[in-house]
Each structure stands twice: as C-alpha cells, then as structure tokens.
Amino acid sequence: MSRALINVPKSARRGQVIEIKTLISHVMESGFRHGTNGKDIPRDIITSFSCRYNGEEVFAAQLFPAIAANPFITFHTVATESGTLAFQWIGDNGFEVTEEAKIVVE
Amino acid sequence: MRKGTTTMKVTRRDALKVAGAVAAGAALPAAAQAQLQSFVPGQMEAAIRKVLGEAAINKGRVKLDVPPLVENGNVVPMTVSVDSPMTKDNFVKAIHVFNEKNPQPNVISVRLGPRAGKAEIATRIRLATTQKLTAIAEMSDGSCWSDTQDVVVTLAACLEDLP
Numbered sequence: 109m110s111r112a113l114i115n116v117p118k119s120a121r122r123g124q125v126i127e128i129k130t131l132i133s134h135v136m137e138s139g140f141r142h143g144t145n146g147k148d149i150p151r152d153i154i155t156s157f158s159c160r161y162n163g164e165e166v167f168a169a170q171l172f173p174a175i176a177a178n179p180f181i182t183f184h185t186v187a188t189e190s191g192t193l194a195f196q197w198i199g200d201n202g203f204e205v206t207e208e209a210k211i212v213v214e
Numbered sequence: 018m019r020k021g022t023t024t025m026k027v028t029r030r031d032a033l034k035v036a037g038a039v040a041a042g043a044a045l046p047a048a049a050q051a052q053l054q055s056f057v058p059g060q061m062e063a064a065i066r067k068v069l070g071e072a073a074i075n076k077g078r079v080k081l082d083v084p085p086l087v088e089n090g091n092v093v094p095m096t097v098s099v100d101s102p103m104t105k106d107n108f109v110k111a112i113h114v115f116n117e118k119n120p121q122p123n124v125i126s127v128r129l130g131p132r133a134g135k136a137e138i139a140t141r142i143r144l145a146t147t148q149k150l151t152a153i154a155e156m157s158d159g160s161c162w163s164d165t166q167d168v169v170v171t172l173a174a175c176l177e178d179l180p
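Protein chains in written order, with our numbering: chain A, 109 to 214; chain B, 18 to 180.
The set of hints was computed from the structure by calculation and includes no laboratory data.
Treat the numbers as computed from the prediction; the structure is a model and nothing was measured.
Heads up, a few of these hints could be off.
[To be verified] Derived pair list, reagent style BS3-like, types lysine-lysine, alpha-carbon separation capped at 25 Å:
1) B:105 / B:80
2) B:67 / B:80
3) B:135 / A:118
4) A:129 / B:135
5) B:149 / B:110
6) B:105 / B:149
7) B:149 / B:80
8) B:135 / B:76
9) A:129 / B:80
10) B:149 / B:67
11) B:110 / B:135
12) B:76 / A:129
13) A:210 / B:149
14) B:149 / B:76
15) B:110 / B:76
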C-alpha cells in the first residue's frame, strides 16, 4: 500500500484561500526505460488525481510519465464550510488510494 | 629546447581535444542516444493542438516558474500560476504543461474551477534533456494564455538503465 502525506490546515476562516500539499509514494515508472536484460520496463504510473470538498470536485489532475517519482502536488481551494476533503489517486495496474482530511471553517 | 616545448604543447592540446570528443560521445549510453534521436521536432505543437484544438494561444498572464539550470532532471520543481480573479464568471478552467524533448510531450493537465480560489499549482517533473517547457492556461471565456521557459538539464531523467 502506498503511503500518502497530506497537508491541509486544520482550521480556516470562511472564504480563505488555503493551500493543500499532497505527496504519495509511487515509483512512476515511465515505460521508457530498459532493464538489465535490454527489455523495456512496463509503464506503471499514477494517471489521475482528484480532490473533493464535501463531495464536490475542486481539483483534478491528469498525470503523465513526466511527473517525478513520488508525485508531489500543491494546489489551492477556498475554505467554504467545515467538512471533509477526499483525495483519490488512480494509476496503472489497478492502483487506487484514497485519503481524507478534515477541516474546520469558522 | 624552446621549439621542442612548443611542439609538445600543441601535441598535448590536440590529444586533449581528441580525448574530450571521445568522452562526450561515450557519455550517453547507446539506448539514450537512440531515444534522443527519436525526438520529433513538432511533437509539442502537435500535443498542444490535440488538447486545445484550434484555439488561439496568447502570450502572458501565465507564469511558469522552473529553475533555469537543473542538475538532476529526475526531480525538477515547477510552479505554474495564472493571473485570474477566480470568480464565478472569470476563472481558469484548466492548466496544461508541455515539454519539447521528453519521450512524451505531455507533463500534466489540471482542471480547476472558481472554487480553487487561486490559480496556482506546483509539482515535481522529469526532464530528459535541455529543452523548452510551455504552460498554457484555458480561461472560462475560452481564451488561452501561455508562458514558455528554457531549462538546461545536466543529468537527464528517463534515460538511465537499471543497475
């Protein structure tokens, strides 16, 4: 299982723009490298990432092999109400990780 | 005696030149050279058109922040920010980043909306060689804005074989 790190402020003022940082451990094998036997190493990357704020999508990204190993993604969102931020990474070979973070908005 | 020294110098310089050329040629493994040759000049332009269609792309409003000189192409920090109020009627719909000379021209495509609050993203990317990077922002009114940066890469990504 991949380990994901998420940095979301615990609390925020209503309407404040908050920064969210995410990091997940993944090799992001590009599919363009060769092994010692000269054969291509098959592609194994995370292809998409999304963030839902109380069920509504606020950010989504499509990733390509040009993203470095252990994808680190930073983005912003407006703190509208208290609730849950749900993060989802989907990749090759059935890779799927979901994480959640709580935020309190005053 | 002096004449002899001069002759020595020239010979040595020539020898070094030859040695340098040989080293440069041997620095890239065969696979890497083959991959660099597979670079198609118009691939970035083609990829941009595939994503954005025939939309006109203007310069400005986007800021692509990458270090001009990168030591390790495997991990290159990159920030893209777009000048936009991010209101309900005027926001950035998407940001796309393209490269010129990696095996694949796409880097990342993100979807944003008015709830993003601020059109700024950061990630870490791979670069196979010294090349240009282009970031394009798609606005809610349909216009596209771009920024291009040159990056010099000393150690390439993607090319090395497994140990």
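Status of the hints after comparison with the structure:
For the hint linking residue 105 of chain B to residue 80 of chain B, the alpha-carbon distance of about 22 Å falls within 25 Å, and the restraint holds. Under the criterion of a C-alpha separation no larger than 25 Å, the hint pairing residue 67 of chain B with residue 80 of chain B is consistent with the structure, at around 22 Å. Using a Cα cut-off of 25 Å, the hinted pair residue 135 of chain B and residue 118 of chain A holds, with the two alpha carbons roughly 19 Å apart. Our distance criterion of 25 Å between C-alpha atoms is met by residue 129 of chain A and residue 135 of chain B, whose separation comes to about 14 Å.
Only pairs whose Cα atoms come within 25 Å are accepted, and residue 149 of chain B paired with residue 110 of chain B is accepted, the gap being roughly 24 Å. For the given pair, residue 105 of chain B sits about 33 Å from residue 149 of chain B by alpha-carbon distance, which is inconsistent with the 25 Å threshold. As the CA atoms of residue 149 of chain B and residue 80 of chain B are separated by approximately 14 Å, the hinted pair is consistent with the 25 Å bound. Under the criterion of a C-alpha separation no larger than 25 Å, the hint pairing residue 135 of chain B with residue 76 of chain B is consistent with the structure, at around 20 Å.
The straight-line distance between the Cα atoms of residue 129 of chain A and residue 80 of chain B is roughly 20 Å, inside the 25 Å bound, and the hint therefore holds. Between residue 149 of chain B and residue 67 of chain B the CA atoms are separated by roughly 19 Å; this keeps the pair inside 25 Å, and the hint holds. Among the hinted pairs, residue 110 of chain B with residue 135 of chain B is consistent with the structure: their alpha-carbon atoms are about 12 Å apart, no more than 25 Å. Proposed proximity of residue 76 of chain B and residue 129 of chain A is contradicted: the alpha carbons are some 29 Å apart, above 25 Å.
Under the criterion of a C-alpha separation no larger than 25 Å, the hint pairing residue 210 of chain A with residue 149 of chain B is inconsistent with the structure, at around 39 Å. Between residue 149 of chain B and residue 76 of chain B the alpha-carbon distance is near 15 Å, which keeps this suggested pair within the 25 Å criterion. Taken as a hint, the residue 110 of chain B and residue 76 of chain B pair is honoured in the structure, with Cα atoms around 17 Å apart against an allowance of 25 Å.
Hints 6, 12 and 13 from the list above are not met by this structure, while the remaining hints are.
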